[in-house]
Amino acid sequence: MTIAAAERVWVLLLALTAAGALLGETGGRGWALTLTVALLIALKGRLVIDHYMGMRDANRTIRRVLYAFVVVLPVLVILSHAYGAVIARITAIG
Amino acid sequence: MSQPLADGAITGGRVPGNAGIWVGIFCVLVEFLLLFTVYFVAKAHYPEAFLTGPDKLATVAGATITVLLLTSGYCMVKAVAAIRDDRRRATLVWILLALALGLGYPLVKFFEIRWNIAHGVDNAAGIFYGVYYYLTLNHLVHVSWGILGLGWVAVRTGIGAYSAAEHGGLEAAAVYWHTTDVIWLVIFPFFYVLR
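Heads up: the protein sequence lines correspond to chains X and H, in order. The numbers in my numbering rise by one with no breaks, and the one at position 6 of the first sequence is 6. The numbers in my numbering rise by one with no breaks, and the one at position 20 of the second sequence is 1020.
Chain X on its own, in the form it takes in the complex:
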């Protein structure tokens, strides 16, 4: 990665962090917030994996595992919002 590219990614990550923090301060809730948070996790995670860790042209298996991590978690965020009651029922003890 070129130096300029590293700086651009750093600034973008900070901007996305500021956006997330502002969202937190507004105290919003609901689907819009859930989808925004899922998107922020996926986007920021991908930026760190590709540009900080330099995985874009690195080992395919490792890259896929890391990509899966930042895809599975946003999907779980969405599923937990949509099916919270179902998750509670299937994980209830007794």
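For the record, the hints were derived by calculation from the structure and aren't laboratory data. Some hints could be false.
Said to hold, decoys possible - Using C-beta positions, here's what the derived DEER-type ranges look like: (1) I1117(H) to A15(X): 28 to 34 Å; (2) Y83(X) to E1166(H): 46 to 52 Å; (3) T91(X) to D1122(H): 24 to 30 Å; (4) G1020(H) to A68(X): 19 to 25 Å; (5) S1163(H) to A32(X): 30 to 36 Å; (6) A1090(H) to A32(X): 40 to 46 Å; (7) I78(X) to I1127(H): 20 to 26 Å; (8) I1159(H) to Y67(X): 32 to 38 Å; (9) A68(X) to S1144(H): 25 to 31 Å; (10) A1124(H) to D57(X): 31 to 37 Å; (11) L39(X) to G1158(H): 20 to 26 Å.
We put the beta carbon where it would ideally sit given N, CA and C, even for glycine.
Assemble the complex: chain X is given as a structure, and chain H must be docked to it using the hints.
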């Protein structure tokens, strides 16, 4: 110190750092995936607690930790780029900057917990805060290993152990450090933003 694996040594492309660090990183990812499962299950059982929980936390503390980790990570990107050009003095400066910023994390966490306790946000304050302490302190432990790793590669860089041709240990410390970034980027919205 471990050697970087040559291209083609493992099928599928170059392994940044060394194979050993990736075993550790995958263990950490699995560990946090389990901890995040605990978060989702607790949230499903106590939706009200997770709806109001973030209101009592200091978002500025979480955001500051994010900025510190991302900026420290950026410094490690520069450190790896510098050693690839054999600029050893610049490498050391970038690692020391990354280390200084990384040390800001436990400092902010200390003040955050002190603020929490002063405002009645302790482990007994409810399920949301129990899960919050469990996950964030666990992350702090992993960041502590990363800080020790940065200290180690700073010393190794200082004594001239790394070069453009051999810097697998430095790259391994960098990818571990970035992994703690990736995990924090999930933790931050879970406790300070999402409701």
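Cross-check of the supplied hints:
| no. | hint | result |
| --- | --- | --- |
| 1 | I1117(H) to A15(X): 28 to 34 Å | 32 Å, holds |
| 2 | Y83(X) to E1166(H): 46 to 52 Å | 51 Å, holds |
| 3 | T91(X) to D1122(H): 24 to 30 Å | 26 Å, holds |
| 4 | G1020(H) to A68(X): 19 to 25 Å | 21 Å, holds |
| 5 | S1163(H) to A32(X): 30 to 36 Å | 51 Å, violated |
| 6 | A1090(H) to A32(X): 40 to 46 Å | 44 Å, holds |
| 7 | I78(X) to I1127(H): 20 to 26 Å | 22 Å, holds |
| 8 | I1159(H) to Y67(X): 32 to 38 Å | 37 Å, holds |
| 9 | A68(X) to S1144(H): 25 to 31 Å | 26 Å, holds |
| 10 | A1124(H) to D57(X): 31 to 37 Å | 49 Å, violated |
| 11 | L39(X) to G1158(H): 20 to 26 Å | 42 Å, violated |
Hint compliance for this structure: hints 5, 10 and 11 are broken, all remaining hints hold.
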